[in-house]
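> Using the sequences and the hints, build the whole thing.
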Amino acid sequence: MNAPTVENRIATLLSWGVRLSLLLLIAGCLLNLIPDRPGSPSFQKSAALLIHCGIISLILTPACRVIAACICYARQKDWIMSAMSATVVLIMLLGVLAAS
Amino acid sequence: MDLLTLALLIGCISAVAGWVGSLLGVGGGIIIVPTLSLLAGVSIRHAIAASIVAVVATSSAAASRYLRQGYANIRLGIFLEPATAGGAFLGAFCSGLLPDQTLYLLFGAILIFAATQMLRKPGAEHTCLPPPDPVADRLRLHGACPLTPGGAAQPYRVSRSKTGLAVSAAAGIVSGLLGVGGGLFKVPMMHLAMGVPLKAATATSNFMIGVTASTGAALYFMRGEVIAHIAAPVAIGVIAGSKIGAKCLSHIPIHLLRRSFAVLMLFASLQMLWKAIP
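Read top to bottom, the protein sequences are chains W and F. Take 0 as the starting number for the first sequence in numbering that gives the first Met the number 0 and just add one per residue. Take 0 as the starting number for the second sequence in numbering that gives the first Met the number 0 and just add one per residue.
Among these hints, one or two may not hold up.
[Claimed, not checked] Once the Cα atoms are required to be at most 20 Å apart in a straight line, the calculated DMTMM-like pairs of lysine to aspartate or glutamate come out as:
#: 1; chain 1: W; residue 1: Lys44; chain 2: F; residue 2: Asp1
#: 2; chain 1: W; residue 1: Lys76; chain 2: F; residue 2: Asp136
#: 3; chain 1: F; residue 1: Lys161; chain 2: F; residue 2: Asp136
#: 4; chain 1: F; residue 1: Lys274; chain 2: F; residue 2: Asp99
#: 5; chain 1: F; residue 1: Lys198; chain 2: W; residue 2: Glu6
What the hints contain is simulated information worked out from the structure, not anything from laboratory work.
Following this line, the structure appears as structure tokens:
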């Protein structure tokens, strides 16, 4: 039973996910501030792309955490906890499918 | 108002919301949605969508901190997560079918509930032992956490796991429907019904909220209701505000802030209910 490692791993994953997403969002917002000039490439499109990537990575952060927990518990042969995590992943996938 | 001014205004409002939220221990959602929709003129649907994305950010950041400090009960969190994620899915799905007026009405009601919770005096600690729970025993949901910062971990027993599942599902529905975290329901449920110490209940609720909000946010995102120039400044502002809030926690008379904020919430709820009238 190495529960502290599971907790630390998940904590690291969460904090890096949030950092990456915030970085993308801030970069996108800053790029949005650059005014478009005729003849030069538009920054607005790449800004929108960055912001979208930031939002997607933010939404994926807890999802990755659930997948990580699912794998960690499966390795410990704790099948019930692993199955519960897998159920959550399935519900999330179902949500994406239902909305698209 | 041009887009840049709007984004700056939204960023500032969200920073204040994140700051107040971290001082009062409420998630950003209950503050962000009313301020965005009543002050910045954002439609309630887009305010809810932006809020739920910001809730993912704040709860993930806070959960990572709590996990390192050993407060969050991961097994209990994972046990309750299928219920809350299912509820969030249902809530977010239904919000797509409901008219704006109904969302205003429901949010107004939630605000009144949150304000009365905030005005209540902190409840007495339960003294009687919680009844034994075979499910919690079998899944080893019991935990241990330090009762004082830096103190030794004290074990606690988890009880009434079925009640926990039911309330988690309800909290998930509210979260998906209205773009709030749902800690308003989860924390008292874990603390008062399940016998989890308050600090561990707050940490575990935060741990679960990331998944609840992310399930709802995915639906809003796929429906195209997460507007980039609203959601990005909200997420950045709330995170920045809550970081500042966590630093100045000891310098502010929380009691006065709680009271005045509860009054403000009641005022906002009246405005929301007014908008619900066709």
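> Identify every previously stated hint that the structure contradicts and give their numbers, smallest first.
As far as the earlier hints go, not one is violated by this structure.
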